[in-house]
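Protein chains: 2
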Amino acid sequence: MALIVQKYGGTSVGDLKRIGKVAKNVAKIHSAGNDVVVVLSAMAGVTDQLVRLASQITDNPHRRELDVLLATGEQTTVALLCITLESMGYPARSLLGYQAEILTDRAFGQARIVQINVNRLKTLLSERKIIAVAGFQGRDRKGNITTLGRGGSDTSAVALAAALNADVCEIYTDVDGVYTTDPNICSTARKLHEISYDEMLEMAGLGAKVLQVRAVEFAKKFNVVLHVRSAFNEEEEGTMVVEENTNMEQLVVSGVTYTKDQARITMTKVPDKPGVASKILTAIADANIVVDMIIQNTRKGGLTDITFTVPKTAYKQAMAIEQEIAQQIGAENVFGDENIAKVSIIGVGMQSHSGVAAKAFTALANENINIIMISTSEIKISCVIEEKYTELAVRTLHNAMVLEET
Amino acid sequence: MALIVQKYGGTSVGDLKRIGKVAKNVAKIHSAGNDVVVVLSAMAGVTDQLVRLASQITDNPHRRELDVLLATGEQTTVALLCITLESMGYPARSLLGYQAEILTDRAFGQARIVQINVNRLKTLLSERKIIAVAGFQGRDRKGNITTLGRGGSDTSAVALAAALNADVCEIYTDVDGVYTTDPNICSTARKLHEISYDEMLEMAGLGAKVLQVRAVEFAKKFNVVLHVRSAFNEEEEGTMVVEENTNMEQLVVSGVTYTKDQARITMTKVPDKPGVASKILTAIADANIVVDMIIQNTRKGGLTDITFTVPKTAYKQAMAIEQEIAQQIGAENVFGDENIAKVSIIGVGMQSHSGVAAKAFTALANENINIIMISTSEIKISCVIEEKYTELAVRTLHNAMVLEET
Numbered sequence: 335m336a337l338i339v340q341k342y343g344g345t346s347v348g349d350l351k352r353i354g355k356v357a358k359n360v361a362k363i364h365s366a367g368n369d370v371v372v373v374l375s376a377m378a379g380v381t382d383q384l385v386r387l388a389s390q391i392t393d394n395p396h397r398r399e400l401d402v403l404l405a406t407g408e409q410t411t412v413a414l415l416c417i418t419l420e421s422m423g424y425p426a427r428s429l430l431g432y433q434a435e436i437l438t439d440r441a442f443g444q445a446r447i448v449q450i451n452v453n454r455l456k457t458l459l460s461e462r463k464i465i466a467v468a469g470f471q472g473r474d475r476k477g478n479i480t481t482l483g484r485g486g487s488d489t490s491a492v493a494l495a496a497a498l499n500a501d502v503c504e505i506y507t508d509v510d511g512v513y514t515t516d517p518n519i520c521s522t523a524r525k526l527h528e529i530s531y532d533e534m535l536e537m538a539g540l541g542a543k544v545l546q547v548r549a550v551e552f553a554k555k556f557n558v559v560l561h562v563r564s565a566f567n568e569e570e571e572g573t574m575v576v577e578e579n580t581n582m583e584q585l586v587v588s589g590v591t592y593t594k595d596q597a598r599i600t601m602t603k604v605p606d607k608p609g610v611a612s613k614i615l616t617a618i619a620d621a622n623i624v625v626d627m628i629i630q631n632t633r634k635g636g637l638t639d640i641t642f643t644v645p646k647t648a649y650k651q652a653m654a655i656e657q658e659i660a661q662q663i664g665a666e667n668v669f670g671d672e673n674i675a676k677v678s679i680i681g682v683g684m685q686s687h688s689g690v691a692a693k694a695f696t697a698l699a700n701e702n703i704n705i706i707m708i709s710t711s712e713i714k715i716s717c718v719i720e721e722k723y724t725e726l727a728v729r730t731l732h733n734a735m736v737l738e739e740t
Numbered sequence: 335m336a337l338i339v340q341k342y343g344g345t346s347v348g349d350l351k352r353i354g355k356v357a358k359n360v361a362k363i364h365s366a367g368n369d370v371v372v373v374l375s376a377m378a379g380v381t382d383q384l385v386r387l388a389s390q391i392t393d394n395p396h397r398r399e400l401d402v403l404l405a406t407g408e409q410t411t412v413a414l415l416c417i418t419l420e421s422m423g424y425p426a427r428s429l430l431g432y433q434a435e436i437l438t439d440r441a442f443g444q445a446r447i448v449q450i451n452v453n454r455l456k457t458l459l460s461e462r463k464i465i466a467v468a469g470f471q472g473r474d475r476k477g478n479i480t481t482l483g484r485g486g487s488d489t490s491a492v493a494l495a496a497a498l499n500a501d502v503c504e505i506y507t508d509v510d511g512v513y514t515t516d517p518n519i520c521s522t523a524r525k526l527h528e529i530s531y532d533e534m535l536e537m538a539g540l541g542a543k544v545l546q547v548r549a550v551e552f553a554k555k556f557n558v559v560l561h562v563r564s565a566f567n568e569e570e571e572g573t574m575v576v577e578e579n580t581n582m583e584q585l586v587v588s589g590v591t592y593t594k595d596q597a598r599i600t601m602t603k604v605p606d607k608p609g610v611a612s613k614i615l616t617a618i619a620d621a622n623i624v625v626d627m628i629i630q631n632t633r634k635g636g637l638t639d640i641t642f643t644v645p646k647t648a649y650k651q652a653m654a655i656e657q658e659i660a661q662q663i664g665a666e667n668v669f670g671d672e673n674i675a676k677v678s679i680i681g682v683g684m685q686s687h688s689g690v691a692a693k694a695f696t697a698l699a700n701e702n703i704n705i706i707m708i709s710t711s712e713i714k715i716s717c718v719i720e721e722k723y724t725e726l727a728v729r730t731l732h733n734a735m736v737l738e739e740t
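Chains as they are written, first to last, in the numbering used here: chain Y, 335 to 740; chain R, 335 to 740.
Quick caveat, the hints were computed from the structure, so don't treat them as lab data. Honestly, I wouldn't trust all of these hints.
The list cannot tell twin chains apart, which means a pair is met if one copy fits it or any two copies do.
What the hints assert, rightly or not - Here are the computed lysine to aspartate or glutamate pairs in the EDC-like style, where the Cα-Cα straight-line distance is at most 20 Å:
#1 Lys351 / Asp393
#2 Lys646 / Glu721
#3 Lys355 / Asp516
#4 Lys722 / Asp595
#5 Lys693 / Asp439
#6 Lys358 / Glu571
#7 Lys603 / Asp516
#8 Lys555 / Glu528
#9 Lys476 / Glu435
#10 Lys543 / Asp532
#11 Lys358 / Asp393
#12 Lys650 / Glu571
#13 Lys476 / Glu461
#14 Lys355 / Asp393
#15 Lys358 / Glu568
Full structure from sequences and hints, please.
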C-alpha cells in the first residue's frame, strides 16, 4: 500500500461534475488501501477573476491583502471536494495552507516554501482520512497567508510529497502527458513515457506548460517521482519524470520547445574595454529585467557589438535604459526587434553525442531559416530566429532530431 | 480619541462601489485619531450562493467542510476592503477568524465564541493599523474553521468590542435605526433614539431583523454600547442600544413586533393528571422542536385542554407526534392551525404601569380581532391571533400604545 500525493489543476475541478469525477478517482485509490493526499487548484478562471476584481480597485493591489483574496479560490475547491467525498461515505478533511503547516517566506504573491510540518497530516493519514490540501498557499512565520505564484499548486504537491516521503506525486492535468513538442503545431509529436528532471526543467523553462519550473526543481532536489497524467482519461499512462538513470528511452533529443515572449536588443560599436558589458547589463538588472541570452561579436578597431534578449513586456523600458547607456559609453547605436522567437532542442542524450548542434543548424538552414542568436548548455541548444518561422522551425527540428532514436 | 468597532452587513459591502464607501467612512474616523476595527459580512447573497453550491452536491453537506466553504465569503470582503484602504493610503490589515484568535466551540455552522485573544489586535492598533476582521467565523481549539450561524457577524463585532473594551460598537445596516414597528405596515412607525438591551432582545427575538439575538445578549452581558446606524446615510443618527438607566425616552411601550412563523396545536380532553403535560411536551422536545407559548384550560370532570405553538416548519412533524401521544394518554383529539400570527408589545415601562394589558386587549377587541392565546413577561405582552389580522393588529397596538408617552 502506497502513500500517493495527487494534484488536480483548475480545469479538472472546473465545476461540480468534474469535482465529482476527481472524488471518484480519489476514492478508488483510497479504497484500494492507499493513503491519499490531494492538492487542488482553484476552479479554472477563478484566480483570474479575483485578480481582475482587485485590479478594478487599484493597479497595484496591496500584496498581502491580494493573497488573502486569492487564497479563497483553493479554499472553495478543497471544501467542495471534501463535501463530495463525505457525501460518498469517505472520510475527508480539507486543510488550508496554514492548517497543513506549509511555512513560506513572506514574499507575498511569489512565496517560497521554507518548511512543512507534517505531524497533523500524518495523524490524519493514520486515521485513514483523505486529506485535501489547498494548493498555491501557505503562511509565513507571523501567520499571514501567502501564495506561491502562478502554477504554485504543482509546487505545493511536490513539496508535500517530499515532506511526507510519498511513493509518487501524480500531477493530473488537461493533457495526457509530456509531449516531444506541441502537438498543435507538429503532427508527429508524441508522448514521452519518461523524461528526466533536467530535461523537464528545460522544457518547463522554455514554454512547455505541463509543469511549473519550481515544482520540477523541488522534485529533482528531493527525488520525488512525478507522474504527469490526464485528469479526464485515467486509462492513459502519462509521463514519469524521474532521475535519468532509470530505463530512459534512448533518445538523443527528448523535446523541442519554443517561446515567443522574448525581444532582442543590440548595441553597436561599443568600445571594447573592461567593464563595458557589465555596465550595459547591470543597468537592465537594476530595473529588475531578466536577461536571457547574451552574445558579443568583436569588430575591428577595438569596437564590439553586444546583443541580448529581454522579456517582450520589458522591451520598451529596456530600450530606453540602453539608449541612455549608449550615450554614456559612446556606443554608436541601439536597435531592437520584437519579432523574434526562441526554439530549443532538449535532451540528456546530447551530452554523449557529437554533431547534434551541426545537424540542427543544417536542418534549419535547409528551410532557409536564419539563426540570429545561439546559446547552448549540456542538454539544450536554443536558437533565436525570426518569429514568423517559429512553427516551421519547431516541425523541422522535431522531425530531424526527436524522431530518431539511438 | 476612541476605540470604535464597526460592523457592516452584506448589502453595505455588496459591490466594489459600496466597499469604497465603507472605506471612506472608516478612513474618516481613523483620520480623526480614533482606532478602528471593522467587522465585515460577506457580500449580499454570497453566503446563500455557497450554501446552494454545497446543496447541489448533497442535501446534508459535511458541516466542518461547509464552514470552510462559507468562510471564503467574509475572507473576500475583508481583503477587498483592505486593498481599497491601502490604495487610499491608509494602513489596513485583514484578519480572518483564526488570525484574530476568535476561539469558538466546535459546533460547526452555529459555533459560540468561547474566548478572544486580543494581543495581536492590540499590537496592530498600537501601530495605528485599521483592522478588518472577517465576521461570522472563528476557529475551534484544534484550528478548524467554524462559523457562527446566520447574522453571526453582529456577534463577532460585539464580542470584539467587549474583548477590546471598545467605546462603542457601531452596527451599520440597510435601515437607519430601530423602529417602533415595521414602517412597511405602519405609517406612524418612528425611529427610537434609544432602546434598552432587554427591549432590543425581545424585539430581535420576535422578528425585528435589525440585530441578531445573540449579539444583543452578548452586548448586554458585557455592557457594550451598540449603535445601530445606516450604512447609506451617515447623517442619520441611528439608535443606541444601552442599559435602561440612561436618559431613556419615557415610553411605556417601545415597540410592536409580529411574527408569522408559528403554528398552533391543541389537544382536547386530556386527563388532568400529574405528568400528562410533561409527556405531551417532552415528546416535542425530544424531536428538537422548540415550543414557544403554552396554555392550559381546565374543563369539568378532570379533563383539560392543552394548546401550544411550534415553528411552522415543524408543524407536521409535531402533529404526528402528538397524535400518537394522544392515543397513549387517552386524550380526545388533536387539532392544529397554521394560520396564526403572534403580535407583541414590548417596553420596560410596562413594569411600572398597570393597565397596559387591558388597554392592549381592548384596542384589539375594538377592531374585532379575537385573541387566541396570550403570554406575558415583565416587559412583553404577546397575543396569538388569526394570521389575516396581523397588519391591522400591529397598527392598532402601535397607535394605541406606542405613540403615547408617559
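Consistency of the hints with the structure:
no.: 1; hint: Lys351 / Asp393; in the structure: between (35 Å within a copy, 16 Å between copies)
no.: 2; hint: Lys646 / Glu721; in the structure: within (12 Å within a copy, 71 Å between copies)
no.: 3; hint: Lys355 / Asp516; in the structure: neither (27 Å within a copy, 49 Å between copies)
no.: 4; hint: Lys722 / Asp595; in the structure: within (13 Å within a copy, 72 Å between copies)
no.: 5; hint: Lys693 / Asp439; in the structure: neither (45 Å within a copy, 70 Å between copies)
no.: 6; hint: Lys358 / Glu571; in the structure: within (18 Å within a copy, 56 Å between copies)
no.: 7; hint: Lys603 / Asp516; in the structure: neither (39 Å within a copy, 84 Å between copies)
no.: 8; hint: Lys555 / Glu528; in the structure: within (18 Å within a copy, 67 Å between copies)
no.: 9; hint: Lys476 / Glu435; in the structure: both (12 Å within a copy, 13 Å between copies)
no.: 10; hint: Lys543 / Asp532; in the structure: within (15 Å within a copy, 63 Å between copies)
no.: 11; hint: Lys358 / Asp393; in the structure: between (41 Å within a copy, 19 Å between copies)
no.: 12; hint: Lys650 / Glu571; in the structure: neither (45 Å within a copy, 55 Å between copies)
no.: 13; hint: Lys476 / Glu461; in the structure: between (30 Å within a copy, 16 Å between copies)
no.: 14; hint: Lys355 / Asp393; in the structure: between (38 Å within a copy, 19 Å between copies)
no.: 15; hint: Lys358 / Glu568; in the structure: within (11 Å within a copy, 53 Å between copies)
Hints 3, 5, 7 and 12 from the list above are not met by this structure, while the remaining hints are.
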